[in-house]
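Colleague: So the chains spell out like this:
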Amino acid sequence: MATALASHLNAITLGAPLALDSGKVLADVTLAYETYGELDAEKSNAILICHALTGDQFVAKTHPLTGKPGWWERMVGPGKPIDTDRFHVICANVIGSCLGSTGPASMGPDGKPYGMSFPVITIRDMVRAQVALLDQLGIGSLHAVVGGSMGGMQALSFAANFPGRTDRVLAIATTARHSAQNIAFHEVGRQAIMADPDWKGGDYYAAEGNGPEKGLSVARMAAHITYLSEAGLTDKFGRRLQDREEKSFGFDADFQVESYLRYQGLAFTTRFDANSYLYITRAMDYFDLAEEHGGLLADAFRACGDTRFCVVSFDTDWLYPTAESRNVVHALNAVAAPVSFVELSAPYGHDSFLLECPALDRVIKGFVG
Amino acid sequence: MALRPDLAKIAELVPEGTRVLDIGCGEGELMEVLRRERHVDVRGLEIDPELVEKCVSRGLSVVQGDADRDLAGYPDASYDVAILSQTLQTAERPDYMLDQLLRIGQTAFVSFPNFAYWRMRFALLFRGRMPVTRHLPVSWYETQNIHHVTVDDFRQLIADKGVTVEGSWFFAGGREISGGNANWRAEHAVYQLSR
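Line by line, the protein sequences give chains F and B. So the first sequence is numbered by our numbering: it starts at 191 and just counts up by one. So the second sequence is numbered by our numbering: it starts at 14 and just counts up by one.
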């Protein structure tokens, strides 16, 4: 995986070690990132896009491993709602991930892959790394920081921990803290990976084969269900059978939905590292913006001044339901921050922010300006 | 686009450079005027997601929410001015909503359609049917106006609450009229209130 990637990567090594929430320090941090559109002379038109759990820096470029279009090409590009004719879009692979930024698959100080010796990271650590990147690029203040799902957590964390470094914050389909249910689903995924004998305590990089593919695949299957709505699944698959007239009275993928999930799970293993999945889900579970700021969410935003916020939720998202967004909006209102909030109607559940939703296009275009 | 007369009156009365909350802001017409002409830091609350989307795409800060429920989340005296235009009569409890308004804003503007306007009375008296007029164009079964109110009812409520009336303005046929016999003659009323 690493060799196929190397030629596609645009990366920077941070000038200083990164102090982490855990108290540990990560040295020689590499951040792989992509940019889209020109940075203006005043360096005032930069937009940082933060990606979701299994996302990457290829927002609007063909993915080097899968050959698929960028994950947000419908939103980012020339003439798109986030218009790269006007804005300089930056997206960095988060630390802990596996698309070129330092993560558990990277070489540690002992010349061997970190594996489980990689320090546990947090959402705030991811943001710290991105701010360090901005520093090195000489970008003082952003026009906007934008993200959906885990990207939205980073956007909120960015606003709370680096007030004054962005004029706008756009947080989509996200939450200020992981709920018990969110943590529970992630734990199912992690246990599936760790139960795979090929996981080998995380030390599988030098082993024969492709690592804990089965476990990672099951983790992805479980998570994928949470990204869709029940109505969406019913519309797409119902109880239809897969390439057969009758049930097999066996345990093949009789149903289309089973076949689809198996395919999604398998396809995922060709582009994602199982240990990265463990670390990043952990970071999301640890995320509680209020806790970081003394227990009151409003306090997280007290220093945000004139930064404008836009919070968007989807009515069919049961992973990060509207109530979570409202929680953020109430906190922002409590500190009189300029905030907009809208719950959009879309049939696809949590994944709606990645899919066809014209109302989202209009909101983003209007808010980003 | 010209503002509705009650909104135009409010826009004229809101002091320059203040912080304003527009409750039931619709597409943000008043907010836009306040921002552009009165240099006001204005925020909105609107229940209809499509209208909120329009506001956001105009660059306005508007939160989708239900005034009956969500006003409670706004801190005391967090705004100089709170505006409630044509929304009082849709509230679950208009009296509680007035309390919230005067808690959040130092001063409040409230506009409402007067159900005792003479055309309404005639419609009810002679036709015996709930009036459907230019300003209340929706049949009784689908109207959001669940608490029809008259100018005199409103006066009674604010007197009972001990709320101070800073000013009142009345409208009929799209024009401002004098306050004499407003309960008969006014189609719309705008009140400025404070505690």
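The hints are simulated quantities; they were obtained by calculation from the structure and are not laboratory data. Fair warning: this is a prediction, and the values are worked out from it, not measured in the lab. From the three backbone atoms N, C-alpha and C, an ideal C-beta is built for every residue, glycine too. Be aware that one or more of the hints could be misleading.
[To be verified] In silico negatives: residues of chain B with every beta carbon more than 10 Å from chain F:
1. 25
2. 42
3. 72
4. 145
[Stated by the list, open to error] Restraint ranges, calculated between C-beta atoms of paired labels, are given here:
5. F/559 - B/26: 48 to 58 Å
6. F/232 - B/25: 31 to 41 Å
7. B/52 - F/457: 47 to 57 Å
Colleague: Looking back at the hints listed earlier, which ones does the structure fail to meet?
Modeller: Hint check: 3 and 5 fail, others pass.
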